[in-house]
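From first to last, the protein sequence lines stand for chains A and B.
Using the numbering used here, you'd call the opening residue of the first sequence number 1 and step up by one each time.
Using the numbering used here, you'd call the opening residue of the second sequence number 1 and step up by one each time.
Keep in mind the hints are simulated off the structure, nothing from the lab.
Among the hints, a few may not be true.
All copies of an identical chain are treated as equivalent in the list; a pair is satisfied when it fits inside any one copy or across any two copies.
Stated by the list, open to error - With a cut-off of at most 27 Å between alpha-carbon atoms, the simulated BS3-like pairs for lysine-lysine come out as follows:
hint : residue 1 : residue 2
1    : K244      : K418
2    : K244      : K323
3    : K374      : K244
4    : K373      : K323
5    : K418      : K139
6    : K2        : K333
7    : K89       : K233
8    : K2        : K473
Note that the coordinates shown come from a computational prediction; the quantities given were computed from them, not determined experimentally.
Protein chains: 2
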Amino acid sequence: MKKSLDAVFYPTSIAIAGASPGKSGQWFLDSIRTAGFMGTIYAVNPKGTEVSGLVAYKSIRDIPGPVDFVICCIPAPAVPQLIKDCATKGVRTISMYTSGFSEIGTEEGRRLEREIVRLAKAANIRIVGPNCLGVYSPKIGLTFASDFPRRVGKVALMGQSGGNTSYLLRASSQRGVRFSKAVSYGNAADINETELLEYFGQDAETEIIAAYIEGVRAGDRFHRVLADVSARKPVLILKGGYTKAGGEIAASHTGSLAGSAEIWDSLMRQTGAIRVCSLEEMVDLLVTFALMPLPKGRNVGVFGAGGGASVLATDELTLCGFKVPRLPEGLVKELMGRFGNTAGMIFKNPIDLSMVGYSEGFYDVVKRLMTYKKGDWFDFGLIHAGFGQAAWFTSSAFDQETAQFRDFVHRIHRETDKPLALVLQFLITNWDWLRALELQRGCSDAGMPVYHSMGSAARAIDRYIAYHEGLKKPVKCA
Amino acid sequence: MKKSLDAVFYPTSIAIAGASPGKSGQWFLDSIRTAGFMGTIYAVNPKGTEVSGLVAYKSIRDIPGPVDFVICCIPAPAVPQLIKDCATKGVRTISMYTSGFSEIGTEEGRRLEREIVRLAKAANIRIVGPNCLGVYSPKIGLTFASDFPRRVGKVALMGQSGGNTSYLLRASSQRGVRFSKAVSYGNAADINETELLEYFGQDAETEIIAAYIEGVRAGDRFHRVLADVSARKPVLILKGGYTKAGGEIAASHTGSLAGSAEIWDSLMRQTGAIRVCSLEEMVDLLVTFALMPLPKGRNVGVFGAGGGASVLATDELTLCGFKVPRLPEGLVKELMGRFGNTAGMIFKNPIDLSMVGYSEGFYDVVKRLMTYKKGDWFDFGLIHAGFGQAAWFTSSAFDQETAQFRDFVHRIHRETDKPLALVLQFLITNWDWLRALELQRGCSDAGMPVYHSMGSAARAIDRYIAYHEGLKKPVKCA
Numbered sequence: 001m002k003k004s005l006d007a008v009f010y011p012t013s014i015a016i017a018g019a020s021p022g023k024s025g026q027w028f029l030d031s032i033r034t035a036g037f038m039g040t041i042y043a044v045n046p047k048g049t050e051v052s053g054l055v056a057y058k059s060i061r062d063i064p065g066p067v068d069f070v071i072c073c074i075p076a077p078a079v080p081q082l083i084k085d086c087a088t089k090g091v092r093t094i095s096m097y098t099s100g101f102s103e104i105g106t107e108e109g110r111r112l113e114r115e116i117v118r119l120a121k122a123a124n125i126r127i128v129g130p131n132c133l134g135v136y137s138p139k140i141g142l143t144f145a146s147d148f149p150r151r152v153g154k155v156a157l158m159g160q161s162g163g164n165t166s167y168l169l170r171a172s173s174q175r176g177v178r179f180s181k182a183v184s185y186g187n188a189a190d191i192n193e194t195e196l197l198e199y200f201g202q203d204a205e206t207e208i209i210a211a212y213i214e215g216v217r218a219g220d221r222f223h224r225v226l227a228d229v230s231a232r233k234p235v236l237i238l239k240g241g242y243t244k245a246g247g248e249i250a251a252s253h254t255g256s257l258a259g260s261a262e263i264w265d266s267l268m269r270q271t272g273a274i275r276v277c278s279l280e281e282m283v284d285l286l287v288t289f290a291l292m293p294l295p296k297g298r299n300v301g302v303f304g305a306g307g308g309a310s311v312l313a314t315d316e317l318t319l320c321g322f323k324v325p326r327l328p329e330g331l332v333k334e335l336m337g338r339f340g341n342t343a344g345m346i347f348k349n350p351i352d353l354s355m356v357g358y359s360e361g362f363y364d365v366v367k368r369l370m371t372y373k374k375g376d377w378f379d380f381g382l383i384h385a386g387f388g389q390a391a392w393f394t395s396s397a398f399d400q401e402t403a404q405f406r407d408f409v410h411r412i413h414r415e416t417d418k419p420l421a422l423v424l425q426f427l428i429t430n431w432d433w434l435r436a437l438e439l440q441r442g443c444s445d446a447g448m449p450v451y452h453s454m455g456s457a458a459r460a461i462d463r464y465i466a467y468h469e470g471l472k473k474p475v476k477c478a
Numbered sequence: 001m002k003k004s005l006d007a008v009f010y011p012t013s014i015a016i017a018g019a020s021p022g023k024s025g026q027w028f029l030d031s032i033r034t035a036g037f038m039g040t041i042y043a044v045n046p047k048g049t050e051v052s053g054l055v056a057y058k059s060i061r062d063i064p065g066p067v068d069f070v071i072c073c074i075p076a077p078a079v080p081q082l083i084k085d086c087a088t089k090g091v092r093t094i095s096m097y098t099s100g101f102s103e104i105g106t107e108e109g110r111r112l113e114r115e116i117v118r119l120a121k122a123a124n125i126r127i128v129g130p131n132c133l134g135v136y137s138p139k140i141g142l143t144f145a146s147d148f149p150r151r152v153g154k155v156a157l158m159g160q161s162g163g164n165t166s167y168l169l170r171a172s173s174q175r176g177v178r179f180s181k182a183v184s185y186g187n188a189a190d191i192n193e194t195e196l197l198e199y200f201g202q203d204a205e206t207e208i209i210a211a212y213i214e215g216v217r218a219g220d221r222f223h224r225v226l227a228d229v230s231a232r233k234p235v236l237i238l239k240g241g242y243t244k245a246g247g248e249i250a251a252s253h254t255g256s257l258a259g260s261a262e263i264w265d266s267l268m269r270q271t272g273a274i275r276v277c278s279l280e281e282m283v284d285l286l287v288t289f290a291l292m293p294l295p296k297g298r299n300v301g302v303f304g305a306g307g308g309a310s311v312l313a314t315d316e317l318t319l320c321g322f323k324v325p326r327l328p329e330g331l332v333k334e335l336m337g338r339f340g341n342t343a344g345m346i347f348k349n350p351i352d353l354s355m356v357g358y359s360e361g362f363y364d365v366v367k368r369l370m371t372y373k374k375g376d377w378f379d380f381g382l383i384h385a386g387f388g389q390a391a392w393f394t395s396s397a398f399d400q401e402t403a404q405f406r407d408f409v410h411r412i413h414r415e416t417d418k419p420l421a422l423v424l425q426f427l428i429t430n431w432d433w434l435r436a437l438e439l440q441r442g443c444s445d446a447g448m449p450v451y452h453s454m455g456s457a458a459r460a461i462d463r464y465i466a467y468h469e470g471l472k473k474p475v476k477c478a
């Protein structure tokens, strides 16, 4: 198993079947070339038409060199012949973008899917899909979208939907998460959820596993593997088709048998896997699991501007099981000495620095608090900035201060030995997003977790700590 | 009461005390002038320095004409003298931005607050605040930020935090909500939550009431008024300082006595007010209550591109109590006849139009389904578009199609008699936000509710329907 999946994630030469100008095959071709795939790339189309400046072959068999990986973008009825050609050529893996198999719900679709699996098995070829986007393996520059990151990380992602997998890759990588490998595996006709999970469980490059799963084929085996892998690595699972109605759509989407919510609940409870309720939550959890050093406890220091924001942050953190402990008396006195009992500032915890803004004084105070050594009054820090709250954020001053703020946060992050996260919240206009994403980029690149609301930060960090505490809290979605 | 609050929301002449160049008073002055306040505006500062091109008076008493509304931006110790001057001048309302009263937690702060209330009462002057941003009354161009909308609507908003109130105004108005009036009322030393609620309850221009409240002064009276007003208009309340720790910060923020979570829970349960858990949720609920005609039932038609998005949408809607009923047989046949059993499309419900994109074919299909008359197979429609999911959204084609898509949605919205909402989701990059907000603007202006995730749409519409069904579902935050 391991060997054949190694071949899936580390091919040395790729042919794209159906790489005709203007078709999906060209899109895959361009993506791989843009990503700088380290092996050889061949284009194949029935007329041998040049595509993206590349000579195309009329058949896989016409390719002069060896080919171990084929991306299949030709119509479903032509796939059996392609597999036969691949067998002749010694291909190890076919990643099948082609759809029109079991998911369309016809007898012919199911028959065709059985046939391609049979043909591939006989030739010792592994199929990814069909009806999927295939493989992302940043170590060798293999991808299915040119905007996925090229840097390698420690998260492995398997997703039964191309769109959902793409979103998870894009959204979490924009927030600093990097991947060891990822796969959009569609109908799972050959390589399925259990095999991928087992492989990622053994993979030395993978420390965290994320999955979007619509159906499970061999329930008992999946249960055993999930329990085994979850005992060693966090496995985060978003189940698509959790409800009966959703399961019916999953059947039309990937031909999956979704199983009942009760079975799924008990599976998650028994194996120690981490239940995720939405794609957005998955991104928040990946950011946390991948980037945040584990806080030693649940005491949090909260720093930012805004009295109302400080009140709500305290509520939201408290409701998620955190403590927002009072500032030690020594620090209160120190801050009072510096600023006076200034109207519009709060020196408890949260520290509300409204009158200071995110200036040099902000850096001084937060750094002082994050590095205060007398007693461990908190275990990790949260800096928040609310864009749509303050007129200040819409002033030109903020434009000048964005870079300065980012530098402050970086310096504090480097100079403290406690975990530090950033909440860029209350984002409304495109102006807000432009600046928030600019700040986020700098902080994510430096390895800081960034969130877009206090509530989502609190929930994600709670789940993270609870996982490491071995607490199995019941998770109820919606 | 009504008369004195009418004077708060409809003054005819305003003086800004502390309108010195570069200070907060200038900022209030500029905001009101930019918003086109319909009455007279006077600047006051101790040196009589010209500000924003306006002659300034050294004292309120020096102003030649009548003044009925004063925005107070001078330091706290100088406020008693200002009130005396205002009494001489016949001022009706002082909106007090000045902070440094009960919220700083000192005896002197509390004493000063009591004194200004006593002075104002004696002179028949009403105080908004102190420690607040004051009044937004779009009908007459009174505002505390120049970017709030000038068009009048049916939502009244009262908020005990200037930042939170500003965010709610900005975020919900960007999504099409318009306000009859709003007030940031800070420490509530004089005009408080109960009086405002009663006034909004009687206000013919207000149909929906939203409140961010940190503390309640006269609990019994508030209870009675809330029950009375909630029986006639939806009252949405976000309680800041719901937790004990949050309540302590509320005390430092607005000098509020927050009360216990148990008391608050029972108050909300008994009065029929609508409990809101976060600012973000408040915006989603305001968008829904203000813009969405009440669906006749819980059957929803879901239209968009993306198989995985369709599966998750079905789950999220089902978990919130909606039905995503199968497409009637007649429509399935009609669509099959048009498109064939095309791989990559799903003709159940959700309708997954991946292969059509958001083109003319999309318009045809959605319009056909939204206006299908044989049997009421659904009660309202949701169109979703997932920006970070599909490579298509990052292609230049989408740039050209954005305007077309917006026009399609407008046309469908006009041509159907069923409620229709839009979910612009999976937004990642600034590119995504730029285009999504452009789409949103067009649709919000046309009166369509727009959401940023399927989950938040499902939760908000569920709360809306449940409110009108008279269902009192228990709401648990976090």
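Structure-based check of each hint:
1. K244 with K418: between (44 Å within a copy, 26 Å between copies)
2. K244 with K323: between (39 Å within a copy, 11 Å between copies)
3. K374 with K244: between (55 Å within a copy, 26 Å between copies)
4. K373 with K323: within (19 Å within a copy, 56 Å between copies)
5. K418 with K139: Neither way: K418 and K139 sit 31 Å apart in one copy and 51 Å across, limit 27 Å.
6. K2 with K333: neither (61 Å within a copy, 46 Å between copies)
7. K89 with K233: Classified as neither; 38 Å inside a copy, 73 Å across copies.
8. K2 with K473: For K2 and K473, the Cα distance exceeds 27 Å both inside one copy (34 Å) and across copies (51 Å).
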